[in-house]
Structures are given as structure tokens and as C-alpha cells.
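A.B. asks: Sequence:
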Amino acid sequence: MTRYLYFSIILLLASCGGGGGGTSSGGGPAGPNDGNPDGTNSVFTQKISQNNLAIFGRADVSSSFLANLGKAYEAMLQNSSSIDAAMKSNYNSTISSQNIYQRVGKGSPSNYSDMNAIASSPYGDNAVDYIFESGSGSDQISEVIEHLLHTITAVGFKFAFPTTWDYNNTNSQLYLAMQEAIDAGDYNITSYAALQGDAEAYRRVLTQEYAYWLILAEWDYFVTAGNVEEGYGNGNSEFKLGKPSEVITNNPLGHKLYEDYVEKILSPPNKDLIISLFP
Numbered sequence: 004m005t006r007y008l009y010f011s012i013i014l015l016l017a018s019c020g021g022g023g024g025g026t027s028s029g030g031g032p033a034g035p036n037d038g039n040p041d042g043t044n045s046v047f048t049q050k051i052s053q054n055n056l057a058i059f060g061r062a063d064v065s066s067s068f069l070a071n072l073g074k075a076y077e078a079m080l081q082n083s084s085s086i087d088a089a090m091k092s093n094y095n096s097t098i099s100s101q102n103i104y105q106r107v108g109k110g111s112p113s114n115y116s117d118m119n120a121i122a123s124s125p126y127g128d129n130a131v132d133y134i135f136e137s138g139s140g141s142d143q144i145s146e147v148i149e150h151l152l153h154t155i156t157a158v159g160f161k162f163a164f165p166t167t168w169d170y171n172n173t174n175s176q177l178y179l180a181m182q183e184a185i186d187a188g189d190y191n192i193t194s195y196a197a198l199q200g201d202a203e204a205y206r207r208v209l210t211q212e213y214a215y216w217l218i219l220a221e222w223d224y225f226v227t228a229g230n231v232e233e234g235y236g237n238g239n240s241e242f243k244l245g246k247p248s249e250v251i252t253n254n255p256l257g258h259k260l261y262e263d264y265v266e267k268i269l270s271p272p273n274k275d276l277i278i279s280l281f282p
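Quick note: the sequence shown, position 208, residue 211 per my numbering, numbers continuous.
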């Protein structure tokens, strides 16, 4: 489960990020009125761009951390024999054309009173939760990998592949793969019960977190990200499948989703590199 789950839910409800909804002038969270042409403003004073993804940092975020986030994202987009050039090009162009971006803060949400602020024009609502510069080792790695994957899947894939990655359609490939894991008892969604009063937010969070766990397992990253929990084999109390072989056997629809989309665009980032970036 995401470390700042309920904060992230607030951000989801406050914006239309990844849902194809409005802009900052159309009912979403407001950005400051002091924006610069590159989207920076008095809230997000720093920006780097990596493989078309804009990464905006608060003033107290270190420049080295932003740079390392860029390197981590780049590592996820390395070429491999599984990459589909046309699909990857579509994804990259979508990140650019939809002005999808990543927000970065320091410490925790409690450090800021304006957590739903957004980057300035041409950027708007197409972002989900923050990445926080807040720790070291596996905790920081988990923070980075999880929230980059949220941005990639819940926003980037949602725009690039709107039918397959439609969290609102219970017959979409994404939703059916998730439901298979739920029905098998491998994806425990009880911690999200408080969201059931908002059906759209509920489906959105469930699919977002499922996609993260699925990819983490397919990448064999549970140990590196510190997500193995005692008593649950290679997984944890929320997602029991921590190895690629376990996904193949127990969540075949999830593995097919991974084969059809994820591995055609993303590659497992080199573990030694990621550990060196976030020691």
C-alpha cells in the first residue's frame, strides 16, 4: 500500500489527473498566478525534463534528488527485445502532448499547506501523487518506483491506451486482470473500503495500486523495494504475488496485460543502478 495513501486519495479527488477531465481553469485544483512559460511557479520552483516527462520540485527538494528521479525514470525506458517501438513512441508522445508531469516534495505532506497545487500552464491536472525525498534505502526506492509507476500507468497509459487502461470499465483488460487477482485472494483491497462511497475514485485507486503491484512483481522488485512482509511468502498482506512466476501461475490475465502493454514500453530498471541512486 502506498505510504501516503489517504493523502494521495485527497489529491485524486481534488483533481482530474489522468482521467481526461478539466484543466486548472475548469474546476480542478488551482495553480499560482505567477507561472513561468516552462510551468514553474512560486510553489514548484524547479523543473527537469526526462524522456518527455516534466518533473517539478518544491523549493526544498535537492537538485540531486530531482536528477536521480530523472535517471530512475530513464532506466524504466531502456530498450530491450520486448519493446514495441510504435507503442513506446505513442506513450512518449502522449506524455508530451498531454503535459503529464510528476510532482516532488520534501519530507511528507504535513510539510505543506497547499498540497493540491499544480504546475502552471501549459501543465494542469494531468498528475497524480507526489514523490517525497524522505528516506534512504528500500523505503526511498519504494517511494520512487511506486509513484513513478502511478504516473506512468494511471495517467500515461490511461491517455495512450484509453480502452485497455479504462479503470471505469469493469470489462477493460486492466479491470479484468485486477478482478482475477481479487477473486483469487491475491490482492487484498480491504484497506480501501473507505472509498466505496465514491465509485469512480474507488475503481481508480484500486486499479492504480494493482498496476503498481503487478509491475513490481513482474520486475522481481519486491525485495529491492522492501515490500516483502513476513508470513506472506514473496509478497505482502496486500499483494501476495511477489515473483514473476507467481503472477504467471495465479494471475494469468495480469501477466497478459503486462506482456501486451507494460513490457512493450517499460523495462525493469537495473537494480544496482536504482540502489546507487537512492542508497
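Take these hints with a grain of salt, some might be off.
Claimed, not checked - Taking lysine-lysine and the DSSO-like style, the derived pairs with C-alpha atoms no more than 27 Å apart in a straight line are: (1) K74 - K109; (2) K259 - K246; (3) K246 - K109.
As the list claims (entries may be wrong) - Using C-beta positions, here's what the derived DEER-type ranges look like: (4) P255 - N36: 43 to 53 Å; (5) N174 - A88: 21 to 31 Å; (6) A202 - S66: 24 to 34 Å; (7) P255 - G110: 17 to 27 Å; (8) D37 - G229: 14 to 24 Å; (9) D117 - M90: 31 to 41 Å; (10) K259 - Y115: 37 to 47 Å; (11) V226 - S124: 20 to 30 Å; (12) G236 - S194: 33 to 43 Å; (13) V231 - G110: 20 to 30 Å; (14) N273 - G110: 26 to 36 Å; (15) G236 - P125: 17 to 27 Å; (16) D223 - D263: 34 to 44 Å.
Please keep in mind that the hints were generated in silico from the structure rather than gathered at the bench. Model, not experiment: these values are computed from the prediction. All C-beta atoms, glycine included, are put in the ideal place defined by N, C-alpha and C.
A.B. asks: Are the hints correct? Go through all of them and say.
C.D. replies: Results for each hint:
| no. | hint | result |
| --- | --- | --- |
| 1 | K74 - K109 | holds, 18 Å |
| 2 | K259 - K246 | holds, 15 Å |
| 3 | K246 - K109 | violated, 32 Å |
| 4 | P255 - N36: 43 to 53 Å | holds, 51 Å |
| 5 | N174 - A88: 21 to 31 Å | holds, 29 Å |
| 6 | A202 - S66: 24 to 34 Å | violated, 41 Å |
| 7 | P255 - G110: 17 to 27 Å | violated, 41 Å |
| 8 | D37 - G229: 14 to 24 Å | violated, 39 Å |
| 9 | D117 - M90: 31 to 41 Å | holds, 37 Å |
| 10 | K259 - Y115: 37 to 47 Å | holds, 40 Å |
| 11 | V226 - S124: 20 to 30 Å | violated, 42 Å |
| 12 | G236 - S194: 33 to 43 Å | violated, 19 Å |
| 13 | V231 - G110: 20 to 30 Å | holds, 26 Å |
| 14 | N273 - G110: 26 to 36 Å | holds, 28 Å |
| 15 | G236 - P125: 17 to 27 Å | violated, 46 Å |
| 16 | D223 - D263: 34 to 44 Å | violated, 19 Å |
The structure fails hints 3, 6, 7, 8, 11, 12, 15 and 16 (numbered hints given earlier, in ascending order).
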